[in-house]
Amino acid sequence: MDLSYTEEQQMLRDSVQKFIEDNYDISERNKLTATDEGFSRDNWKQFAELGWLAMPFAEEDGGLGGSPVDTMILMEEFGKGLVVEPFFPTVVLAGSALSQFGSADQKAEVLAGIIDGSIIATFAYAEEGAHHNLDHVATTATKDGDFYTLSGTKSVVLNAASADRMLVSARTSGDVSDEAGITVFLVDAGADGISRDDYPTVDGLRASEVTLKDVKVPASAIVGKEGSGHDVLEAVSNRAILALAAESVGAMEKLYTDTIAYTKQRVQFDHPLSEFQVLKHRMTEMFMEHSLAKSLTMKATMLETQGSDETQRTIHALKYLIGKSSRFVGQNAVQLHGGMGMTEELRIAHYFKRLAIIDSQFGNTDHHLTRFVA
Amino acid sequence: MDLSYTEEQQMLRDSVQKFIEDNYDISERNKLTATDEGFSRDNWKQFAELGWLAMPFAEEDGGLGGSPVDTMILMEEFGKGLVVEPFFPTVVLAGSALSQFGSADQKAEVLAGIIDGSIIATFAYAEEGAHHNLDHVATTATKDGDFYTLSGTKSVVLNAASADRMLVSARTSGDVSDEAGITVFLVDAGADGISRDDYPTVDGLRASEVTLKDVKVPASAIVGKEGSGHDVLEAVSNRAILALAAESVGAMEKLYTDTIAYTKQRVQFDHPLSEFQVLKHRMTEMFMEHSLAKSLTMKATMLETQGSDETQRTIHALKYLIGKSSRFVGQNAVQLHGGMGMTEELRIAHYFKRLAIIDSQFGNTDHHLTRFVA
Amino acid sequence: MDIEFSEEDLAFQQEVRSFIEENLPKGMDLWTKRGDWFKALREKGGWDVPKWPPEFGGPGFTPTQRYIFDMEMARHSTPPQLPFGVTMLAPILMAYGSKEQQDRFLPGIRDGSVNWCQGYSEPGAGSDLANLKTKAELTEDGKHYIVNGQKIWTTLAHIAHWIFCLTRTSSAGAKQEGITFLLFPMDSPGVEVRPIITLGGSHTVNEVYLTDVKVPVENRVGEEGKGWTYAKGLLAHERTGLAGIQNSVLALEKAKENAASIKVGDGTLLDVPAFRNKLGALEAELLALEFTELRTLASVAAGGSPGPESSILKLKGTEIQQRIQELNLEAAGVYAAVWGNKAAGPKFAKGAMSAYLGGRATTIYGGASEVQKDVISKNVLGLG
Amino acid sequence: MDIEFSEEDLAFQQEVRSFIEENLPKGMDLWTKRGDWFKALREKGGWDVPKWPPEFGGPGFTPTQRYIFDMEMARHSTPPQLPFGVTMLAPILMAYGSKEQQDRFLPGIRDGSVNWCQGYSEPGAGSDLANLKTKAELTEDGKHYIVNGQKIWTTLAHIAHWIFCLTRTSSAGAKQEGITFLLFPMDSPGVEVRPIITLGGSHTVNEVYLTDVKVPVENRVGEEGKGWTYAKGLLAHERTGLAGIQNSVLALEKAKENAASIKVGDGTLLDVPAFRNKLGALEAELLALEFTELRTLASVAAGGSPGPESSILKLKGTEIQQRIQELNLEAAGVYAAVWGNKAAGPKFAKGAMSAYLGGRATTIYGGASEVQKDVISKNVLGLG
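Chains as they are written, first to last, in the working numbering: chain A, 462 to 835; chain B, 462 to 835; chain C, 128 to 511; chain D, 128 to 511.
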């Protein structure tokens, strides 16, 4: 057992921290989120050059052979920096699916493109009426010789407007929420029959409602096996939760340390707010929530790395706990900043919104608590 | 709408307050709980003389024609005084059942005895394996001509050792937890075939495990109709919850006011505890919990009096809320008293224990929350 | 003790209901014909200003009538008035203003032709409002005050015609002393409004910069240096209004409907125990809080003070509002993220996030919850 | 970063398990043959005193080994030692006691032949321990201290042979100064023990009255006036011990079994969502806390300090203990009430109430939770 970072991991963390220090402050981020794409292609190139986009992938696939721990390090720092580049949909969602289930051709073409920064990708999994159930798939894929025809609407597809490729869960057989009969396809984002309705998300990122109308793809576009999409979704969801948890841990750290700093300089009733016992204890509780959330994120990430039997249960517990602590830390950071916590000027509001959205993705607290105790 | 007490009700409250001031302090109570019966027969006589035992019963039955509001007033003050006399099992449990469902003969004999103080009664409803479900009745009543033979074991029968009469829920038909087929019998506490295992309860009161072995009772012992015991149990349970809620409100008032008084005189770190902001806010929250619990107790009691359709739902909400606030107020009263809160010397510990027991009777917080949302 | 309304009160309730039925514009008319609604309320006998006393044209409701009136208005989601003039400034003018001021300002407040904003908070004076620094100096001829300083969190300052403003005319004595209550137009030279964009990108609050703003002395309400006393009374008003308990009762019903529209497994979100139990816990507290408001009202109706229970209304009321907002956000699921002009997923989803974000303010503005607890522990519980 | 134990650690874990398997007395023997167990631990190489350093006969475990050792002992419910001598006094004697004191007291502590109690708290010095008033005055010949005062909440004073006691030898300077650490036998003339009966009627804690108790100077540990420094180090020890996280892991499993034994409808209490979700929420936090303990340990193993996370262990650990106690109490249902020597209902019911009542002390003794939060906010977060 060794809970310290390796030298390589420390270097990775340092490099992200340096990048954020040099490139990200809240006004810089506000500029990025106001652009069309909502992020910087230049930054994305740097991500590729720094090797971050290659980090979690196997060396034989052109990656750096890192583990979920490396992704945790990246995401925790991205969380602190409120990074807006599409690392999560591209590397964590699409990347995990392709590296674990993709064919040799898919890896050679798309994973390689993700790694060198030339391909931005995303995963279209959510649908109306699903409410956190990834197996609720009404989008259909009808077989026709060597081809499949996809039709349906996917919701809140992250960075779809910037994506070159898109993974799509569709139903090749079974009833609308059956575990069996789901198939994941790798689709060209510009394919005929795909239309989008793009919008910003409340945390400053980008997403789209994506409608597929008779989109024709070859059988070679299947990621994994026909009908076994459930396994792909579950695997991707687990990696997604670990990544979002790490991002949340980073955001919570900034929320409680920013709150400490603010209350030290904000004077009311002739005393800095930091001298009021109720606020001191509140910040202590925020610190404790962060510590516990960080502990469970580390544990779950290491279990996933190790392939432990306990992984699935721990990930349910994690998403529950992250949601609970994020809400407590986020709400109290706003509360203790008073009116200032409500403004878009400080980072506080942005962390707060980001955490609210993280709770809504890949199953919220209730969803995972219910599964954890099942 | 008029939320103030009538003149009679104010007089009732004053008379209980005076009685408690004259007769009850914690050392007096500790003496009573150390006696065999666990209460004072002399006090009981006074209860009768003061008319308290007649209060909720109809005038035609020899009562004073009061309403649940009067019972609320009595129980709230009993809660403040930690009164140990068997008002709850006798008047609230057995009394409610007989006054609402009893035959003319039962009323003439037993209700009259309750009112004049000559009969102490109780209700044997709980069974092992029931966990708060009053309809779980394994005790059997087998019909044999004009008689019924009762067999089974009843748990935590309050004041059974002092009781002259005992209401017993038994099954005349149906499966063990069917709503239909339960019948309530009025049984002589000294009847052949009844044996008891007596014990003190943690709140200083008395109860027994009561075993009935072929206890023979006439058909005239049925309270209400054969097979309609569920209605009796439900009606008694509602009155019981209202009474226990009022008692809890009384106890909570003392808990938070005692805590305020204690923290004002207890000096730590060169300041009275009452000057620490965290403790001030905690006591504010205790006060608020008490206020809300009191409000809902008043509302539910008035709805019951009025016979409103909303009564049943409100009573579920009430028992839930009372359990939740009692736990918060009780635990924090002990916490803020520090070591002193742990001693049997102060009243704090006794209120705390009483409230813990109240949560366990007639359905706990989870039980009623589940029913409230059903 | 009796929870039922008297026959008179029931008749009044019926009267209010019939009035709403007959006069409230339906559907889209609600937006275009608001004026008709307020006119009808006024002509009914001062129902447009239900809290104003009869001598100022109010209806002279009993406390129970006002409760019934508020409840019915909330239940029928009638359009609200902006509170700054009618609810917050008017009581001050009635109590402390001169006859001239009352005649001059109350009509415009009442008919909505003059929008007001509240110039209280400052960068260094939030929860600690008495710490304000905006200076008002009397000119040598004694005819004007010259006001300099900065206000912040000024709600709707960008659409207000006038401001009621706390200013410091003396810094001797305790900081609660030397504060003076002034009224002036927002288009006075030297008034500059800068927007503050809050959580979720909305523009409701502002910074207001005041540079040598000239205010005639006749625009001072009451005595110089007594402004704090006037404002404190008004703050209490504001706090009661913020509890919004009747609105929460409605909002909770709506939250149930929202959850019932979200399919989960074979049922809906309303059948998921984790969600359902949270909702139940909330409803039980709301039932208790609703009755606490009634107790307060009964206490006043019986000629007494509102009682210690009244102090918890804002504190608990805003907490409950926020918890209802959380439930809606949870029901929105992934669609909570959708922003801008777009809507996706269930209809209520978009409003859910705005409400959640904006709702964080309710435990901050009008006396932060922590300050409320300080006040209750001191004033109600006598804790030093 | 790697969560798996090294091969050496796994081998050690196996060694501990085999040792327990072979040596732990089974069934009722656990009560009659406790001595054999401790003897076997000792002969194994100081496993009876796992935290003692090798120079005092301890086993010299690495931090990971100690974690594994503690975990296995907790999992197998091995009999605990009274902590006062082995865990609380011994480290002080090792660090600050003279060679003579170590030789004199450590053997009796180790073999359990001498029971110790802790004379710290006083009626006026609870959470504010430094405020203590018990006086120790040196006799003119400089050979003895004469001790006068009163201690309270003294756990097991009624079965202790000796006491380690904080006394005031000077009241000059800050109140943390002038405190002296003394050891004396409980049968010294002038020592009187009066029981305190706590919640639920149990006798664990006591008042100890000290009247002209004569203590030879050679029974003073370390320097006069430095007792506070010594005690503070010891308090930190006590706090870590009180977290009892491994015990909570077991207790939670037991709570699940208890709930599973209670029939509700067609299932058990464990199937009731309201109960089940509470249990799940608790388990998730406990998983996180358990790993926080590991992080602390890893930090120490890496040669560093325990890290800021260690401060939350007692605070959260005791809270979790209490919440598990509540779940058992709820599972006991109506049988929670049964008291005295009687038992009724499910087997665990009676113990459930005692544990719940007694458990309230864990957030009070050894530094109340509120004081812990003061300490964390000051020492860890740097809040004034």
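Since the hints were made in silico from the structure, they are not lab data.
All values reported here derive from a predicted model rather than from experimental measurement.
Where hints are given, some of them may not hold.
Calculated pairs, PhoX-like style, for lysine-lysine (alpha carbon to alpha carbon, straight line, at most 25 Å) [claimed, not checked]:
#  : chain 1 : residue 1 : chain 2 : residue 2
1  : A       : LYS725    : A       : LYS686
2  : C       : LYS505    : B       : LYS725
3  : D       : LYS474    : B       : LYS674
4  : C       : LYS166    : C       : LYS178
5  : D       : LYS474    : A       : LYS715
6  : A       : LYS725    : C       : LYS260
7  : D       : LYS381    : D       : LYS226
8  : A       : LYS725    : C       : LYS302
9  : D       : LYS359    : D       : LYS383
10 : D       : LYS226    : D       : LYS341
Results of checking the hints against the structure:
1. A:LYS725 x A:LYS686: Status violated; Cα separation ~57 Å.
2. C:LYS505 x B:LYS725: Answer holds: C:LYS505 to B:LYS725 is near 12 Å, not above 25 Å.
3. D:LYS474 x B:LYS674: holds, 24 Å
4. C:LYS166 x C:LYS178: holds, 17 Å
5. D:LYS474 x A:LYS715: violated, 49 Å
6. A:LYS725 x C:LYS260: Distance ~21 Å between A:LYS725 and C:LYS260 Cα, so the pair holds.
7. D:LYS381 x D:LYS226: Violated. D:LYS381 to D:LYS226 sits at ~45 Å, over the 25 Å cutoff.
8. A:LYS725 x C:LYS302: Holds. A:LYS725 to C:LYS302 sits at ~23 Å (cutoff 25 Å).
9. D:LYS359 x D:LYS383: violated, 38 Å
10. D:LYS226 x D:LYS341: Distance of about 23 Å is within 25 Å: holds.
Taken one by one, the earlier hints fail for this structure at numbers 1, 5, 7, 9, listed in ascending order.
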